[in-house]
Amino acid sequence: MAAVATCGTGAGSTGSIAAAASKNNVTSFQRKGPRASGTDSGCSRLVSIAGTRPSVRNGQLLVSTGLPALDQLLGGGLAVGTVLLIEEDKYNIYSSLVFKYFLAEGIINGHTLLVASAKEDPADILQELPAPLLDDNCKKDFDEDVCNDKTPDSNIKMKIAWRYQLLPKMESGPVSSSRFGHYYDASKRMPQELIEASKWHGFFFPEKLSSTLNIESCSLTHGYRKLLQFIQNVIYEEGFDGSSPQKKQKNILRIGIQSLGSPLWGDDICCTENCDNSHSLTKFLYVLRGLLRTSLSACIITMPTHLIQNKAVIARVTNLSDTVVGLESFIGSERETNPLYKDYHGLIHIRQIPRLNNLIYDVSDVKDLAFKLKRKLFTIEKVQKGEVNFKKKTP
Amino acid sequence: MESVLALGGFVLLRDSVEWEGRSLLKALIKKSALCGEQVHILGCEVSEDEFREGFDSSINSRLIYHDLFRDPLNWSQTGEALPGGPLGALQAMCRRTHPGPVTIALDSLSWLLLHIPCTALCQALGALSRQHAHPGGGSPAEPVRVLGLFHEELHGPGPLGALSSLAQTEVTLSGTMGQASAHILSRRPRQRPAHQTQWFSILPDFSLDLQGGPPLESQPHADPHTAPVDPTAHVTFNLHLSKKEREAKDSLTLPFQFSSEKQQALLRAGPSQATSHIFYEPDAYDDLDQEDPDDDLDV
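Heads up: the sequence lines are chains A and B, in that order.
When the letters of the first sequence are read in order and numbered with the working numbering, they come out as residues 1 to 395.
When the letters of the second sequence are read in order and numbered with the working numbering, they come out as residues 1001 to 1299.
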C-alpha cells in the first residue's frame, strides 16, 4: 500500500510526480486534486470564494448545506447553481430547521442571503437562526455528547481488529471557522452582530400583494412572478451573474424559499387535485433553475409535498429540481413507538441527486437513513436493524 | 381546554354530522367574552337571532355580529349587507386596529370555502393571525384568536390539509355513547405538537363542563400488537455466552498473531514511517539451520 506523502507543503493542488520525487524519498505518489481547505490555495486556478470548495470527483464548485452529515450524503456539498428541494415533514419542524441551518451557514461564510416566505417575515426567520459552534470550548461538551451514546462494549480494546484503533473516529467534532461545514447549536440563537454584519434581502409575499385582495390578483402566477422578478433583480444588481465585471470579490448568493406551493403563495395545488394553474409551480421551478445556472447562487426550497393532492405534480417537481431530500418525522405516527426507531427522530430519504457535467453520480448505497437531532448535532445514520444487545440480562 | 384559548392564533374546529361544533364554538365565544375580550362574529350559516340565542344579555352586548346570512349576495341593495361579499368582509376584519385582545369567530369556514377560493381564504387567515401579532403601533403582541368552524365531511382532503397546516390548534370533535370528546392538537412554533383528548359536555347556557374520562363503558383494550418486539428472540444462533464459553473464547490463540512488540511498533509508527522494517518470527515449522538450506526437501 503506497503511503501518501505528507502534503503539508500545500502543493497538493497539482499532481506533479517529478516534484514529489525530489522532496520525499518514500513514494512518488501524490494525492491529486485540491485539498479540503481549497480556499487558501493560491496556486489553484479555480475561483476561490469563501465557503466553497471544489468537489473531489469532478471539480464542481460546492457549498455546504449547513449540515455536515447531509453534505456527506450529497457527495460533498450542494453544487453552486443548483436547487435543493426539501420535502417537508408533516408538522414542518425539521424541514424548517434544515432551512435555517442553510441560512446560518451562509452568514458564517459571509455569503449574501435572499429569504422568501409567505408565512413569516424574513427578519423573524433570521432572528431564529441557530448559533454556530466556533470555539474549542465547545469541543469538550461535544465529546461528552458523543461519549454518552457509546455503549460500554465499544470501549473494550479490540483484539482481532487492532489495526483499526489507529483510524480516526467517524464523526469529527466542531472546528474553527475556516472549515467547510460548520456545526450549530439549535438551542441558542445566532448573535445579533453576525446577523447585522451580513447582507440579506427579504421577500415577504403578503407585503408585496396589493392592499386589496381581489380574487383576480390571487391568480397563481402572481406570487411566483413577483418572486422571480425579485430574485432576478438581486442577481443582476449585485452582480452574481458576472454582469458587473469590475467587482473584485466574488460571492455566493444563498436563496431560501419557504413552503413553496402552499396556499399562502396563492397556489392551489395543495387544495384540489385538478387545479386550474397546475403548471404554475413547475414553470416557476424551470425559470428559477435557469436563473441559478447562470449565476453564482445556490437555492434551498422547502415544499409541503404531503399536502399536494396530485401525485403527478410531485413527480414533475422532483424532475425539475436538482437535489431532492425528503424528511419524514416520527411524531404522531405509529413508528414513534416502534423499538427499531427509538433512537431516531425521523427518516431521511434522498430522492434524487443530480448528474452535473457527469455521467454517474454519487448515490449512496444505503437507502434507509434516519436522522436524530441532539442539541448540538444533527446526525444521519443508517437505521440499525435488529440491534442485538450482548449484555447479559439480569433475571 | 384552556390551552385552546391560551395559545392564540388560528384554531380549527372540525366537526361532523354526529358531533356538531357550533355549541362548542359558542361556548368558547362565551368564555372569551367573559374574559373581557372583544368578540367579532362572521355569521354565514345561521341567522343572527338563532346565533345569539342562549347567551345572556351581558354577553350579547359584547358580541359584534357581521351578518352574511341574511343577504350574502347583496340582492336587496339596502346597504345593510357587508360590502365586497364574503372576501370583503374578511378583509375588513383584517384591517381592524382596535387595541386589546380580540377573538374572531368564523361561523363557518365551509361556507366561506364554497364562496371564495381556498387560497384566498388561507391568505386572509394568515393575514388575520399575523396582523395582530405585529400591530402597526409597535406595541407588544396581543393575543388574538381566530376560531373557525369547519365541517370536515363537506370537503376533500385538500382544503382540510391546507387549513390544518395553517392552524396553531386543531380540535377534532368525536365521542362515544352520547359523550362528546375533543381531540386537541396544539402546535407551538419550533416545538413538538402536543396531543390531548378532553371529554366535555356543554350546558344549556353554553358553559363548558370538562370531564375526566370517558363514561362508564369499558376502555378500549390495550392493542396486542403494541407489545415491544424483541429482536433477540427466535434467533437460530446462540447470542448469550456462558462464563465458561467466554473464558474459552478469551484464551483462544488467534491464527495470525503478532508478537506484542511488533504490534506496538506497527501501531506507533503509523503514517509517518520513513523507512521500512522487517520483522521475522520463526514459525513452528521453520528450520533455523543456516548450514543446510535444503534440509526440508526430504531428498
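It is worth saying that the hints were derived from the structure and are not from the lab.
Where a beta carbon is used, it is the ideal one built from N, C-alpha and C, also for glycine.
Treat the hints loosely; a few may be bogus.
Here are the in silico distance ranges between beta carbons for each label pair [to be verified]: (1) P339/A / S1016/B: 43 to 51 Å; (2) G1212/B / Q72/A: 45 to 53 Å; (3) P1083/B / E207/A: 19 to 27 Å; (4) H1183/B / E128/A: 23 to 31 Å; (5) E1020/B / P191/A: 47 to 55 Å; (6) Q1191/B / G59/A: 56 to 64 Å; (7) T1236/B / P339/A: 31 to 39 Å.
Output of the computed footprint for chain B on chain A, the stretches with three or more beta carbons under 8 Å from beta carbons of chain B [stated by the list, open to error]: (8) 66 to 75; (9) 278 to 292.
Against the structure, the hints come out as follows:
no.	hint	verdict
1	P339/A / S1016/B: 43 to 51 Å	violated (35 Å)
2	G1212/B / Q72/A: 45 to 53 Å	holds (51 Å)
3	P1083/B / E207/A: 19 to 27 Å	holds (24 Å)
4	H1183/B / E128/A: 23 to 31 Å	holds (29 Å)
5	E1020/B / P191/A: 47 to 55 Å	holds (52 Å)
6	Q1191/B / G59/A: 56 to 64 Å	violated (43 Å)
7	T1236/B / P339/A: 31 to 39 Å	violated (21 Å)
8	66 to 75	violated (count 0)
9	278 to 292	violated (count 0)
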